[in-house]
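Protein chains: 2
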Amino acid sequence: MAPEIDHLIKIFSFLPGLGERSARRIVLHLLSQKQTKMESLLIAVQQVLSKVDKCRLCGNLDASVPICSICKNHNRDHQCLCVVENISDLWAIERTKSYNGMYFVLGGALSAIDGVGPGELRINVLTQQCKDNGYAEVILALSSTLNGQTTTHYIREHLTPIVPKVTELARGVPIGGELDYLDDGTLITALIARSGF
Amino acid sequence: MAPEIDHLIKIFSFLPGLGERSARRIVLHLLSQKQTKMESLLIAVQQVLSKVDKCRLCGNLDASVPICSICKNHNRDHQCLCVVENISDLWAIERTKSYNGMYFVLGGALSAIDGVGPGELRINVLTQQCKDNGYAEVILALSSTLNGQTTTHYIREHLTPIVPKVTELARGVPIGGELDYLDDGTLITALIARSGF
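Respectively, the protein sequence lines represent chains G and R. Here this note's numbering is used: position 65 in the first sequence is 65, and no number is missing along the way. Here this note's numbering is used: position 37 in the second sequence is 37, and no number is missing along the way.
Chain G on its own, in the form it takes in the complex (with noise of 0.2 angstroms):
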């Protein structure tokens, strides 16, 4: 096989969910178009290359920089800030249409095993901008693993005292869930935290 197209497969092979077999699937797939599909993917590539980088500010990925189009949109509120562990994460908030606050993306959780402390999550880029800018709300929407609950608890230790209003996302059922497949511990959270109509 030529030495660029095995470059090519080994190269895709790498992305996240991908192994040797449909890594080659997909070059195949790519070179069966040549013309149309390589090139698209080609021009795609470049224009995220010379145009995407971080925010300065929240640290989303945008084509607007250094600051991004949320945070530079005045019809959002900037009063309330929500951090997330990653950009999906922000994402996926952004796909629900219902919130429209300010973000502040740590770029992963604490982890001891990992070696992430709070240096690497930029805790004290966030608690000083909390400080300037005086929001009315944190929302912490980290996950509801080990990881993220211990963030979350570290975090929320910093910003009480500076945040009037320091939230957490609501736990429990999730929408379409049958209770005979839920784990132990989501039932016992819903259990406790329910609520009258």
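You may find that some hints are simply not true.
Put simply, identical chains are the same to the list, so a pair is met inside one copy or across any two.
[What the hints assert, rightly or not] Using 25 angstroms as the maximum straight-line C-alpha spacing, the simulated DMTMM-like pairs for lysine to aspartate or glutamate come out as follows:
#1 Lys72 with Glu94
#2 Lys37 with Asp6
#3 Lys34 with Asp6
#4 Lys72 with Glu157
#5 Lys34 with Glu4
Hints in this document: simulated from the structure, not taken from any laboratory.
Following the hints, position chain R against chain G.
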């Protein structure tokens, strides 16, 4: 989300085996290490796009065009031709390192439903090539599907008067296959074609 990112995600999501969620994950992964991963992908795509093309003789994809490195190789057996449906089949046989002849890529199999006739598969080119080159053997290494077998039958009828030896791949129990899990068709074929020790 930036339209550039959105567009790249869309392109990835149309690749075989990928959906919107996996495409998003891949693009975020590429963006997380823009200067290394994304740029190496760009360069690899550029290289393939500028150098790789179809071999004029066998239909294989190679950087050494118009005649690919297999067709050019004088250490290979130019008296033996292996007919395959797709380039991925050619690569699969090459990976085994147990075949040393030439190839001919049909580009698919006859299919009445998909409207693929003998004209689409360059079968007359194959017949002409067999007449001109005087191969000692032609191996029909097509899939063991209905379409593959129809194509095998069709080509065999055309080649038997021209080529001294037309063969097909052996059919039977795959290596490591448990009889209990095998389909009836394979088991019947294996029983009929049983061999002595």
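Results of checking the hints against the structure:
1. Lys72 with Glu94: Intra 15 angstroms, inter 56 angstroms, cutoff 25 angstroms: intra-copy only.
2. Lys37 with Asp6: both (18 angstroms within a copy, 16 angstroms between copies)
3. Lys34 with Asp6: both (16 angstroms within a copy, 22 angstroms between copies)
4. Lys72 with Glu157: neither (29 angstroms within a copy, 71 angstroms between copies)
5. Lys34 with Glu4: both (14 angstroms within a copy, 21 angstroms between copies)
Against the hints set out earlier in the document, a violation occurs for number 4 only.
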